[in-house]
Structures are given as structure tokens and as C-alpha cells.
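Colleague: Chains as they are written, first to last, in the working numbering: chain Y, 1 to 314; chain A, 315 to 650.
For the record, the hints were derived by calculation from the structure and aren't laboratory data.
Even for Gly, the Cβ is constructed at its ideal location relative to N, Cα and C.
Be careful, since some hints might not be right.
Claimed, not checked - Selected chain Y positions facing chain A (in silico; Cβ < 8 Å):
(1) S119
(2) V122
(3) M223
(4) F276
Said to hold, decoys possible - So the derived label-pair ranges between C-beta atoms look like this:
(5) Y:H95 to A:Q613: 37 to 43 Å
(6) A:E501 to Y:S119: 38 to 44 Å
(7) Y:I132 to A:G380: 53 to 59 Å
(8) Y:F278 to A:P620: 43 to 49 Å
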Amino acid sequence: MDDFFTSAFLTGLIAATLRMATPIIFAMLGELISERAGVLNLGIEGTMVMGAMVGFLTTLTTGSLLLGVAAGAGAGMLLSLLMAVLTVYLGLNQHVSGLGITLFATGLAMFLYRLAVGSPIVPPTIDPFTRIEIPVLSSIPLIGPALFRQYGLTYLAFLLVPLVAFFLYRTRAGLVVRTVGENPLAADTVGVDVRLTRTLCLMAGGALMGIGGAFLTLAHQNMFLIDVVGGRGWVALAMVIFGNWHPVKAMIGALLFGLLDGLQLRLQGSDLAIPFDFFLMVPYLMTIIALVLVSRRAQVPAALLKPYRREDRG
Amino acid sequence: MKRKYLPSRLRPALAFLAIPFFLGSGSLLAEEEDPVRVAAVYQTAIEEPWVGTIHQAALQAEEELGIEYEFVEQVSAADFERVVREYANRGFDLIIGDAFLAGEEPARRVAADYPEVAFAFGSEFGPAEPNFSVFDNWIHEPAYLMGIVAGSLTETDVIGAVAAIPINEVNRLVNAYYEGALSVNPEVEMEVTYIGGWFNPAAAAEATEAQIEAGADIIFAERFGVFEVASQNDVLAFGNMTDQHSLAPEIVVTSALWNMYPTIEYLVRSVDADLFVSQDLKDWSMMAKGGADLAPFYQFEETLPPEVIAKVEETKESILDGTFRVPIIETDPQTD
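Working from the sequences, and respecting the hints, build out all of it.
Modeller: Structure representation (C-alpha cells):
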């Protein structure tokens, strides 16, 4: 074990942590904004799948990676608009609507992918994003190559965390969003359009989920396969609760998950006589334990899951 | 009340004319035009390489043997038995599928209820009398040949393998790959990482990163997701199941190929001839009968050391003429 924790090992592990946390952070931020406005979006997993697929196909046909990311975001926005129609305007159950959208989007993504490329034995690939090395910073020993030799989208994800936090806690618009999620009646009383606010938050969130999915097919990989998202949406959902609906804390959760996932892949190669299944389980086990510890003092947005109807006011 | 539709004199004549028609539809035509009806039930989408290989073989049989082929994919564990049963009820002659895991028991249950229908499913267990045959991707032979290449080319004496989950059919390939490497390089060590599922390309990519950090300089990609990282690091790799050279031509040396057509052809012909017997069909998925092969080396034909290619060819010959048997080791490989 002595030669196991070398500096190359640590650099590799930290770099892997950031990469594996990236799609989860995008999706987590998207979910967090939606929930802060009072809508639980269980369409998250399906929205990521759709973002991954649409982003991939767009890049495959146009050759442009940035267009792919934009299209992934656009697909996420459209699905979230559907979620808004169902839950905000029709006032349907948020759990059922969200799960419905995940099932619908997963099936539709596969269907559209087949329409576009058929079922070739070897899947088509694109030239994915390459990692961007930040001069000077990337030459810091140990952490330099780990932190500053990453995909552009990874930098963006970590940049978005403080931005979303700033938006929610330091801007008037952020206050409006939080009020709509805590006390929509009060927001309505002062002239805020509750439904429009929720719709916009859902759509912004959907765009982020779509980008999270697109990261998987445009950066972390260069192909679209069924199951490419593989439950990362559900992990992101858990991270929102883990972070007590705060972007920075939720990011820490995502990093912890990325770290454990990166670690388990490396520990499988060690001399430890532990079945690999255990390592695969560890990130999820830690998430559950963390949830149990954290959720006892959770501060759930008060109006989460409650559709807002004006006529209910009196 | 009697109404005559036809003049009575004509009736015997018409009846006579009808005789050959009935005879024809009953016997003569049946032998020539009743195709073997084959149904397939898959638990994953046909994009999954394992299922895709079976599906492609069935499509080829549709083309070349004139079978009637119907399939249904992405059948959940809960629906598996019902779907297989429906095909049996509809009078299909041969029902095939991926089975394994959750599909294993339901497939066997249905087969027991329909002794007149032939069944052939993927399985790591044995066949069942009288009508349940099993098959699997027995491509440990080409995996062994790839191991010869890996063991010869590695400069770090560490070879890698990124695999799905440690079950027999996966272990068999990974172990044969390692045995092949050891046969030419007794110093070689192998890193094995399981990604815990059939499809997790992002995890496979990260597993590749970890293996390269640990010194692996040539990697067997049992699953998708390895090549992109390998090519960024100028590390050579091998594909599995299908010829994956086109995914990363500069680094994919060759692939272990599985071809289900010999199995399907054998099944269809024996069902057609009423000679179907339940058996383990593994020989039909091995190299001697064309069920397994090593993909071309493409440009590596030029760049690999000639003695490596000669060693591969020589070993391949002795596999084909039956004088060498690649060891079948199905225990979990030990990572050194």
C-alpha cells in the first residue's frame, strides 16, 4: 500500500473527482433552482438522457460541440416546459409528472436516436471536447494538473455554483424565487407572477440538466449509449437534499460522491482483498448515510410539491 | 325448400377439381413454403453488443435461410416469462433470447411447458431435456490471441482490462487474455477494473485513467468507454464482441469477435429437419466452427513486430486444428 498513494495517484484521483462530479453538479444546480421555486422535478434523469442524446446528435450532424451543448440545454428546457405545464399550470402531482417525464424522455431519446442513426453494431462517435490546460496554474505540483487540466464544462460547472448561490441569496430575483418556493401567496400579494417564476426556474433548471447530460456524451465520452446517464440524475437529486438546498453544500456532496467513485475504481486495482461490489456500493452507501444525517435538520422549501392556485387564497 | 345453386351434373366435376387444391395446401406446399419460425426475446436494446450479435445473426438467417423472424427487445424481468410464453403459444418453432440473470428461470419454465417447441437461450448453466439448449459468447480463444499481442507489446509489463462484472462469461475472456499474455511474457501483470454494469462508458473511461496511472500500457476494453481515454494517452487497446477498429483506428489493435450465425444456422437446420436435441451449443461460438474470430489488424499488420503476428497466426492455427485448447478459467481474475 505504501507505493499506492503516490503523487500521481493523488493527482489522478483529484482530477477524476472533478470530472465525475461535473454532470452531477450541473443537474444538481438545475434541480436546486426548480425546488427553490417550489417544484420537485423528478424528470431530472430523463432530462439528462435527452440532453445527452440531443447534444450528441447535434454535434454528430453539425460537427460543432458548442451547438451540441446548446441543443442539449434546449432539449432540457423543452422537457421542463412540459413539466411546468403539467405541474404549475395544471397543478398535477409533481412526483407522478416528473417520473412520467423521465420514462417518456428516456424512451423518446432512444427512439429519436434510432431514427437518426439506426442500430449500427458499432455506435457512431464524435470528436469530443479536449481538456483545457490553464497556463501557470496547471504547473503547480500535485493539484495543478488535477484542478487546472479539465474540460471547459467542468470549469463552467464549478463557476456556476457560486453564481447560483449569489443569485439566490444576493439578488432581488433570487429573493423572488425563494419566496415563491416558501410562500407563494406572499409573493403573489406583492405582484409576483408565481406561475411564470416557477416556469422560468424549471426551464433554467432543465437547461442545466440537459448540459449535465451533454457533458457525458460530448466530453466525458464520445458516444451515446442507452443507460449513458446511469442514475446520475437520481444522485444529483439526493445531493440537493444532502446540501440542504444550498448550492455550495450540495456541490460538496457532489464532490464527495465523485471522490468515492474515483477512489473505488482505483481501489479495485489495489491488493485489498475486498469484493469489487463493495467498492461499487460505497458512493451510494455514503450518500444514504449522509442523507440520514443531514435530513434530520433539513430545511425543505415550504411550498415544495404544492401547486399554487390563486383561487385557494381565501 | 331445396334451392339449387349449381346444376347437379356439375357438382362432382367441381369436387374433383378441388381435390388437388386440398392436397396441395396440406402437404406439397407445406414442405416447400413453411419457413422455420424463429422468435427472439431480448432484455436489452439491440444496440447492446451481446444482444446485437444474436440479432444480426438472426437477420442473416432471415436473408440466407429464409426463416421467419420476430423479435422483441428491452423486455423487463417481470415481463420476460409472459413474452416467451406468448411466442410459444403462437406456434413458433424456435425461441431464442439473451436470458441470463433474471431471464434464466422463466425461460426454462416456459420450455418445460412446451416440449414440442425448441428453445435456445444464453446461459452459464447447462441445457435441459428435452428442448432447452444454451449458448454463450465463447470468445476466450481470440481473447487469448489478443493476450499474446498485449504480453509481447507491453513495455511496463502491466496490461489492463476494463470489464463489466465478474461473472463466468466475462472472467473467461479476461483470464484467457491474461493467460495469452503470460504465455509470451511470464513477467506480465494485469490490472482488472469492473464498472459494475453493461453500459457505463463514463465509468469505463475513468477506469481506463486509473489503469494508465497504475502503469498499464495496453488495455482490453471488454466494454465501451475505454478508447477515447486510451487514445488521448497513446495507449493501445483491444475491442470486444464486434470489430471496434473504426471507433479509434489509431489505437484499437484488433478485437475479439463473436459470430452467432453458425449457432443460429445449426439451430434452424436441426429444427427444420426435426433433429433438434437440447445441448450446450458452445462449440458453435468458438473459432473452429466460425463462431469466434480475431478481427483484422488493419494498419497494425504493418507496424506490429512480425514475430508477434507470426506467434498469433501459429497459435490460431493450432486452435483451429484442435491441437491447442485455450484454458477456460472462470474464477475471478486476481489483480496483481
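Colleague: The structure should be examined with respect to each hint, and the outcome stated for every one.
Modeller: Structure-based check of all given hints:
no.	hint	in the structure
1	S119	holds, 5 Å
2	V122	holds, 6 Å
3	M223	holds, 7 Å
4	F276	holds, 5 Å
5	Y:H95 to A:Q613: 37 to 43 Å	violated, 54 Å
6	A:E501 to Y:S119: 38 to 44 Å	holds, 43 Å
7	Y:I132 to A:G380: 53 to 59 Å	holds, 56 Å
8	Y:F278 to A:P620: 43 to 49 Å	holds, 45 Å
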